[in-house]
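Given chain A, work out where chain B should sit, using these hints.
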Amino acid sequence: MNRIWLFFHKMGSPPWFYRFSGRLLPWLWGLFLVSAALGLYLGLFKAPPDYLQGESARIMYVHVPAAWMSMLIYVLMAVMGFVGLVWHVRLAEILAMCSAPIGAFFTAIALATGSLWGRPTWGTYWVWDARLTSELVLLFLYLGVIALYNAFDEPRKAARAASLLALVGVVNLPIIHYSVTWWNTLHQGASISATGSSIHPSMLWPLLIMAIATKFFYAANLLVRTRSRLLEQDHRKQWVRDVIMGTGN
Amino acid sequence: MDHAPFILAAYAIAAVLLAWCALSPVLGGRKLIERLRRAYRETERDHAPKP
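Sequence order for the protein chains is A and B. The numbering of the first sequence is this note's numbering, which starts it at 1 and goes up by one. The numbering of the second sequence is this note's numbering, which starts it at 1 and goes up by one.
In isolation and in its complexed conformation, chain A is listed as follows (with noise of 0.2 angstroms):
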């Protein structure tokens, strides 16, 4: 068997799960204090303020990464929750499950910092704009199958239940992608596309490394609220009790 489809299929075996992970939890902690330290000084200190928004412009660095996240963590729910619908398995549903209050608290971060910054920028905190509003109900979205799952007493039902409201969200994804070229938007274009930046070098690369210390955060995360998950849900069976008395790790 191919060695990725091998690796794939131990990671479906919820001890093997959790002896790995426990193995790659410090890592991914620490290569994300490492880089959102280099990011948080390069941005904070090293970067120049911008020449039209000041100052204010050194809220990017924590706004964009988490605005960012706030999608790609809908999409990597949907997509665990898809293989956990169709393939049924579990491993993949409790994924996507886990995913959802972490992309919650990104998009939440990623509201209130954007609100910080349009003050000193546009002169509000809100305004009912496409980019702003379509954010928004990413935010209800994570809320509503975060409080679906919850709503089941059985887990396995719980999650077909709230990966299918995650699937149909989706369709907000592009909506708010495409938000500022689509509608005469106050928030402004993206600055950052495949072909290429329109920022500066100096302002580009701490913006990059605080993209991908959020992504150690979200890995890290992600992780540990699974293992308690699975320590929840496989109470009853020898791995946990050999886990949980110390015979196991």
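Calculated from the structure, these hints are not laboratory results. Among the hints, erroneous ones may be present.
[Claimed, not checked] Simulated DEER-style distance windows between Cβ atoms:
id: 1; chain 1: A; residue 1: His177; chain 2: B; residue 2: Ser24; range: 24 to 32 angstroms
id: 2; chain 1: B; residue 1: Thr43; chain 2: A; residue 2: Asn150; range: 23 to 31 angstroms
id: 3; chain 1: B; residue 1: Met1; chain 2: A; residue 2: Val168; range: 19 to 27 angstroms
id: 4; chain 1: B; residue 1: Ala39; chain 2: A; residue 2: Pro49; range: 29 to 37 angstroms
id: 5; chain 1: B; residue 1: Leu23; chain 2: A; residue 2: Leu38; range: 53 to 61 angstroms
id: 6; chain 1: A; residue 1: Leu33; chain 2: B; residue 2: Ala9; range: 18 to 26 angstroms
id: 7; chain 1: B; residue 1: Gly28; chain 2: A; residue 2: Ser13; range: 17 to 25 angstroms
id: 8; chain 1: B; residue 1: Ser24; chain 2: A; residue 2: Gly22; range: 16 to 24 angstroms
id: 9; chain 1: B; residue 1: Leu8; chain 2: A; residue 2: Ile212; range: 17 to 25 angstroms
id: 10; chain 1: B; residue 1: Asp46; chain 2: A; residue 2: Leu33; range: 39 to 47 angstroms
id: 11; chain 1: B; residue 1: Thr43; chain 2: A; residue 2: Lys46; range: 56 to 64 angstroms
[What the hints assert, rightly or not] 25 angstroms max Cα-Cα, derived DMTMM-like pairs, lysine to aspartate or glutamate:
id: 12; chain 1: B; residue 1: Lys31; chain 2: B; residue 2: Glu44
id: 13; chain 1: A; residue 1: Lys237; chain 2: B; residue 2: Asp2
id: 14; chain 1: A; residue 1: Lys10; chain 2: A; residue 2: Asp242
id: 15; chain 1: A; residue 1: Lys237; chain 2: A; residue 2: Glu154
id: 16; chain 1: B; residue 1: Lys31; chain 2: A; residue 2: Glu154
id: 17; chain 1: B; residue 1: Lys31; chain 2: A; residue 2: Glu232
id: 18; chain 1: A; residue 1: Lys237; chain 2: B; residue 2: Asp46
id: 19; chain 1: A; residue 1: Lys237; chain 2: A; residue 2: Asp153
id: 20; chain 1: B; residue 1: Lys31; chain 2: B; residue 2: Glu42
id: 21; chain 1: A; residue 1: Lys237; chain 2: B; residue 2: Glu44
id: 22; chain 1: A; residue 1: Lys237; chain 2: B; residue 2: Glu42
id: 23; chain 1: A; residue 1: Lys157; chain 2: A; residue 2: Glu232
id: 24; chain 1: B; residue 1: Lys31; chain 2: B; residue 2: Asp46
id: 25; chain 1: B; residue 1: Lys31; chain 2: A; residue 2: Asp242
id: 26; chain 1: B; residue 1: Lys31; chain 2: A; residue 2: Asp153
id: 27; chain 1: A; residue 1: Lys10; chain 2: A; residue 2: Asp234
id: 28; chain 1: B; residue 1: Lys31; chain 2: A; residue 2: Asp234
id: 29; chain 1: A; residue 1: Lys157; chain 2: A; residue 2: Asp234
id: 30; chain 1: A; residue 1: Lys46; chain 2: B; residue 2: Asp2
By construction, the Cβ of each residue, glycine as well, lies at the ideal position given by its N, Cα and C atoms.
Frame of chain A, contents of chain B only:
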């Protein structure tokens, strides 16, 4: 307009929310492990041979 309060507030909110997001599952996980350990010990005690 002084931008410093807005920058500080944005980073403070982000730090608080990220810390909450990171710590809540860790604390919840510890509580769960403690609860399960107690439950396993109780079942072991119940199934232990009586003198």
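Consistency of the hints with the structure:
1. Against the hinted window of 24 to 32 angstroms, the Cβ-Cβ separation of His177(A) and Ser24(B) comes to about 30 angstroms, which satisfies the hint.
2. At roughly 28 angstroms, the beta-carbon separation of Thr43(B) and Asn150(A) lies within the given 23 to 31 angstroms, and the hint holds.
3. Take Met1(B) and Val168(A): their Cβ atoms lie about 42 angstroms apart, and the range 19 to 27 angstroms is violated.
4. A beta carbon spacing of about 57 angstroms between Ala39(B) and Pro49(A) contradicts the range 29 to 37 angstroms that was offered as a hint.
5. Judged by the Cβ atoms, the range 53 to 61 angstroms given for Leu23(B) and Leu38(A) is violated: they are separated by roughly 23 angstroms.
6. Checking the proposed 18 to 26 angstroms range against Leu33(A) and Ala9(B) shows it holds: the Cβ atoms sit about 23 angstroms from each other.
7. For Gly28(B) paired with Ser13(A), a C-beta distance near 24 angstroms keeps the hint of 17 to 25 angstroms intact.
8. A hinted range of 16 to 24 angstroms for the beta carbons of Ser24(B) and Gly22(A) is consistent with their spacing of about 19 angstroms.
9. One distance hint, 17 to 25 angstroms for the beta-carbon pair Leu8(B) and Ile212(A), holds here, with the actual separation near 24 angstroms.
10. Judged by the Cβ atoms, the range 39 to 47 angstroms given for Asp46(B) and Leu33(A) holds: they are separated by roughly 44 angstroms.
11. Between Thr43(B) and Lys46(A) the beta carbon distance is about 58 angstroms. The supplied range of 56 to 64 angstroms therefore holds.
12. A hinted pair counts as satisfied when its Cα atoms are at most 25 angstroms apart, and Lys31(B) with Glu44(B) qualifies at roughly 20 angstroms.
13. Restraint check: the Cα-Cα separation between Lys237(A) and Asp2(B) comes to about 59 angstroms, which exceeds 25 angstroms; the hinted pair is violated.
14. Straight-line distance between C-alpha atoms of Lys10(A) and Asp242(A) comes to about 19 angstroms, which keeps the hinted pair within the 25 angstroms bound.
15. In summary, the hint linking Lys237(A) to Glu154(A) is supported, as the alpha carbons are separated by about 17 angstroms, within the 25 angstroms threshold.
16. Taking the CA atoms of Lys31(B) and Glu154(A), the gap is about 21 angstroms. The hint holds against a cut of 25 angstroms.
17. About 11 angstroms separates the Cα atoms of Lys31(B) and Glu232(A), which keeps this hinted pair within 25 angstroms; it holds.
18. The suggested pairing of Lys237(A) with Asp46(B) holds, with an alpha-carbon distance near 18 angstroms, which does not exceed 25 angstroms.
19. At most 25 angstroms may separate the alpha-carbon atoms for a hinted pair to count; Lys237(A) and Asp153(A) meet this at roughly 19 angstroms.
20. For the suggested pair Lys31(B) and Glu42(B), the alpha carbons sit about 17 angstroms apart, so the restraint of at most 25 angstroms is met.
21. Pair hint Lys237(A) plus Glu44(B) holds up; C-alpha atoms about 15 angstroms apart against a cutoff of 25 angstroms.
22. For the hint pairing Lys237(A) with Glu42(B), the CA-to-CA distance comes to about 16 angstroms; that is within 25 angstroms, so the pair holds.
23. For the hint pairing Lys157(A) with Glu232(A), the CA-to-CA distance comes to about 16 angstroms; that is within 25 angstroms, so the pair holds.
24. Proposed proximity of Lys31(B) and Asp46(B) is supported: the alpha carbons are some 23 angstroms apart, at most 25 angstroms.
25. Distance check on the hinted pair: Lys31(B) and Asp242(A) sit about 17 angstroms apart at the alpha-carbon level, within 25 angstroms; holds.
26. For the hint pairing Lys31(B) with Asp153(A), the CA-to-CA distance comes to about 20 angstroms; that is within 25 angstroms, so the pair holds.
27. With a C-alpha separation of about 17 angstroms, the suggested pair Lys10(A) and Asp234(A) falls inside the 25 angstroms cut-off, and the hint holds.
28. For the hint linking Lys31(B) to Asp234(A), the alpha-carbon distance of about 16 angstroms falls within 25 angstroms, and the restraint holds.
29. About 16 angstroms separates the Cα atoms of Lys157(A) and Asp234(A), which keeps this hinted pair within 25 angstroms; it holds.
30. In summary, the hint linking Lys46(A) to Asp2(B) is supported, as the alpha carbons are separated by about 20 angstroms, within the 25 angstroms threshold.
Consistency with the previously given hints fails for numbers 3, 4, 5, 13, ordered from lowest to highest.
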